[in-house]
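Protein chains in written order, with the numbering used here: chain A, 196 to 379; chain B, 15 to 414.
Check each hint, because a few of them may be wrong.
Computed list of chain B residues with no C-beta within reach of chain A, every gap over 10 Å [as the list claims (entries may be wrong)]:
1) Glu23
2) Lys27
3) Leu84
4) Leu134
5) Thr172
6) Asn183
7) Gln187
8) Ile190
9) Lys222
10) Glu231
11) Lys262
12) Gly303
13) Pro343
No more than 30 Å apart at the CA atoms, straight line, and that leaves these computed lysine-lysine pairs for DSSO-like [as the list claims (entries may be wrong)]:
14) B:Lys312 with A:Lys212
15) A:Lys367 with B:Lys312
16) A:Lys271 with B:Lys312
17) A:Lys347 with A:Lys367
18) B:Lys262 with A:Lys354
19) A:Lys219 with B:Lys222
20) A:Lys353 with A:Lys271
21) B:Lys27 with B:Lys57
22) B:Lys337 with A:Lys354
23) A:Lys271 with B:Lys71
24) B:Lys219 with A:Lys203
25) A:Lys367 with A:Lys234
26) B:Lys271 with A:Lys199
27) B:Lys262 with A:Lys367
28) B:Lys337 with A:Lys271
29) A:Lys212 with B:Lys337
30) A:Lys284 with A:Lys271
31) A:Lys334 with A:Lys354
32) B:Lys253 with A:Lys375
33) A:Lys353 with B:Lys337
34) A:Lys375 with A:Lys219
The set of hints was computed from the structure by calculation and includes no laboratory data.
By construction, the Cβ of each residue, glycine as well, lies at the ideal position given by its N, Cα and C atoms.
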Amino acid sequence: MTFKHLVKTVFLTEIVKGMALTLKTMLTRPVTRQYPKEKRPAMPGFRGLHGLVRDQQTGEARCVGCGLCAAICPSKCIYIYTADSLDHKKIVERYEIEALRCVFCGLCVEACPYSAVILTEHYEYSDYSREAFYMTKEKLLANWDNYMGWEKNMEYFKKFWHPTADDFGFPKNQAVFRGKQNAR
Amino acid sequence: MMTDKGAAELQTKELTINMGPQHPATHGVLRLVLDLDGETVVKCTPYIGYLHRGVEKLGENRTYLTALPLTDRLDYISAMVNNQGYCLAVERLFGIEAPERAQYIRTMVSEMSRISSHILWLGTHALDIGAMTVFLYAFREREWLLDLFEMLCGARLTTSYARVGGIRNDVSQEFIDSLYRFTEEFPGRVEEYETLIDQNRIWLKRTKGIGVIEADEAVNWGLTGPTLRGSGVSYDVRKHAPYDAYDKVKFDVPVGKVGDVYDRYRCRMEEFRQSNRIIQQCIEQLPVGPIMAPDAPKLTLPPKNTVLSSMESMIHHFVLITKGPLAAPEGEIYSAVEAPKGELGFYFVSDGTGRPYRMRVRAPSFVHASVIPRLCEGSLIADVIANIGTVDIVLGECDR
């Protein structure tokens, strides 16, 4: 046993080092959050509770009932029932999402040609009954009113309503590395 | 007082106990049936299947585009790598390639995923063995990465980010800057973890010489990833069959010597640094350009602004979503990526329709679960915990 090894064994140097680090960290700001009191804001474009976009002109849902979101949904949790109106126009009678079965992949947003379905940033919606998670058309429109609105809506679609023509070309202002100084 | 005669009459009997499926140290729902002679494990039998969801069968009923979210839930702590592996396999089947920028971004997020997966492994492995502090430190950095994932694609774990033929959306400048800051700070954080446990005598006692597996035997068991490299075999899919941007970045493949729990731990600690290096190079070399492959083989969705104005685009959009890509070539393909746990392979048999005829997932955790008896038998019951931790299995991937 070398002298160095002996010192290590007797004085517990590695343990002291570890403890010193722990002590040092005790003096820094905590990284934890007091969750229910202190809420964590979701990042823009968080995939949370569903919503149906309300059309600005008509005030009704923008959805035309083409059924692509239901077709692409991997968990098949979107139900659309359409009917003919008196003037032979297709109307969406019921648009329903089973939120409990949804996997929040966001493929419905990509599939929709009219940008009519979205996922809002709202993520706290626990309840005691299963009915509360069966989203009818009225509930979905209300979700959009409460948690999205027009300003956020545009941002959301810029981020997730893809692919756009930009994705196949060379758009301006693509994010690149701008040097170490600018990364701060 | 027991007489000599009484002691001779005492009989020892093997004790059979269940460890799991609800045991906190079995990392998920792994059930081990242990036959014990005192504290020594005589026989160890793993039982899997508690998390079976039939991902492979479900994949046969989804089109190539919509089976993607299923892969998030294989190895749910490194979803980015699974997405990448799936998309690469489909791309190779169809004979297309993602554009360069998409490849770089995919490589970048996969390495982020690897770091976040190894961080989770380090935290829980140390916690199982008895070093609780590391867990708290490790999760501080994991939170940063998960926040970055959320900024990037709106989800923290089940990302569904890669797309067949590219990626879902471009990265923002804010994301790049924050990630670069992370890569500058992270090596210092890895040193912190090492200060806490690397030389710690309890850690060394619990890991050195435990669960030793020689190189030949490790290869014979089909081990891959850090579990194999700990035994000194330098096998890494990223090096031996480079995909995406891995042939354009420099990195080393760390290997161990002895093949015990400590060596595998050292391998993963080195991988932190190598992954960090890869991310940094990816950011620095990130080219500008398209992020989706042009839709020539009718595999990617058409641009949104043409869907309502061009007839072909609209038809293509509807057909692709409802029927899947119809231009699928017949045949089969196996394509593998280096997941944090090992070699993650996807095997497709295509019959020319929009859905795979067969989708098989070669999950590293499934193979690694089979080696647990080999590592545990003959050791003490306390080392079973260390052995489960060191092979780093995720039961979501194991049971599929």
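Right, here's what the structure says about each hint:
Glu23 (chain B), annotated as away from the interface, keeps every beta carbon of chain A farther than 10 Å; the closest lies near 45 Å. The beta carbon of Lys27 (chain B) is kept farther than 10 Å from every beta carbon of chain A, the shortest such distance being approximately 41 Å. For Leu84 (chain B), the shortest C-beta to C-beta distance to chain A comes to about 7 Å, within the 10 Å cut-off, and the non-interface label is violated. No Cβ of chain A approaches the Cβ of Leu134 (chain B) within 10 Å, the least distance being about 17 Å, so the stated non-interface status holds.
Chain A draws Thr172 (chain B) into its interface by the beta-carbon criterion, the shortest separation being 7 Å against a cut-off of 10 Å. Some Cβ of chain A comes within 10 Å of the Cβ of Asn183 (chain B); the nearest lies about 5 Å off, and the non-interface call is violated. Residue-level check failed: Gln187 (chain B) sits 4 Å from the nearest beta carbon of chain A, not beyond 10 Å. At roughly 5 Å from the closest C-beta of chain A, the C-beta of Ile190 (chain B) falls inside 10 Å, breaking its exclusion from the interface.
Non-interface call for Lys222 (chain B) relative to chain A: holds, since the shortest CB-CB distance, roughly 14 Å, exceeds 10 Å. Here Glu231 (chain B) stays apart from chain A, with its beta-carbon at least about 32 Å from theirs, past the 10 Å limit. At the 10 Å boundary, the C-beta of Lys262 (chain B) stays outside the reach of chain A, the nearest C-beta of that chain being 15 Å off. Against chain A, the non-interface label of Gly303 (chain B) is violated: not every CB pair exceeds 10 Å, the least being about 6 Å.
Taking the minimum C-beta to C-beta distance to chain A, about 23 Å, the non-interface status of Pro343 (chain B) holds against the 10 Å cut. About 60 Å separates the Cα atoms of Lys312 (chain B) and Lys212 (chain A), which puts this hinted pair outside 30 Å; it is violated. Annotation: proposed proximity of Lys367 (chain A) to Lys312 (chain B) holds, straight-line Cα distance about 26 Å (limit 30 Å). The hinted pair formed by Lys271 (chain A) and Lys312 (chain B) meets the criterion: a straight-line CA distance of about 24 Å does not exceed 30 Å.
About 22 Å separates the Cα atoms of Lys347 (chain A) and Lys367 (chain A), which keeps this hinted pair within 30 Å; it holds. With a CA separation close to 28 Å, the supplied pair Lys262 (chain B) and Lys354 (chain A) stays within the 30 Å bound. This hinted pair checks out: Lys219 (chain A) and Lys222 (chain B) have alpha carbons roughly 29 Å apart, not beyond 30 Å. Between Lys353 (chain A) and Lys271 (chain A) the alpha-carbon distance is near 26 Å, which keeps this suggested pair within the 30 Å criterion.
In summary, the hint linking Lys27 (chain B) to Lys57 (chain B) is supported, as the alpha carbons are separated by about 14 Å, within the 30 Å threshold. As the CA atoms of Lys337 (chain B) and Lys354 (chain A) are separated by approximately 26 Å, the hinted pair is consistent with the 30 Å bound. Annotation: proposed proximity of Lys271 (chain A) to Lys71 (chain B) holds, straight-line Cα distance about 16 Å (limit 30 Å). At roughly 15 Å between alpha-carbon atoms, Lys219 (chain B) and Lys203 (chain A) fall within 30 Å of each other, so this suggested pair holds.
Distance restraint check for Lys367 (chain A) and Lys234 (chain A): the Cα-Cα separation of roughly 36 Å exceeds the 30 Å cut-off, and the hinted pair is therefore not satisfied. Our distance criterion of 30 Å between C-alpha atoms is met by Lys271 (chain B) and Lys199 (chain A), whose separation comes to about 25 Å. Using a Cα cut-off of 30 Å, the hinted pair Lys262 (chain B) and Lys367 (chain A) holds, with the two alpha carbons roughly 25 Å apart. With a C-alpha separation of about 15 Å, the suggested pairing of Lys337 (chain B) with Lys271 (chain A) holds against the 30 Å cut-off.
The straight-line distance between the Cα atoms of Lys212 (chain A) and Lys337 (chain B) is roughly 62 Å, outside the 30 Å bound, and the hint therefore fails. Between Lys284 (chain A) and Lys271 (chain A) the CA atoms are separated by roughly 26 Å; this keeps the pair inside 30 Å, and the hint holds. A threshold of 30 Å between alpha carbons decides the hint, and for Lys334 (chain A) with Lys354 (chain A) the separation of about 24 Å falls inside it, so the pair holds. Between Lys253 (chain B) and Lys375 (chain A) the CA atoms are separated by roughly 28 Å; this keeps the pair inside 30 Å, and the hint holds.
For the proposed pair Lys353 (chain A) and Lys337 (chain B), the alpha carbon gap of about 27 Å is at most 30 Å, so the pair holds. Between Lys375 (chain A) and Lys219 (chain A), the direct Cα distance comes to roughly 28 Å. Compliance with the 30 Å bound is thereby established for this hinted pair.
Checked against the numbered hints above, the structure breaks hints 3, 5, 6, 7, 8, 12, 14, 25, 29 and satisfies the rest.
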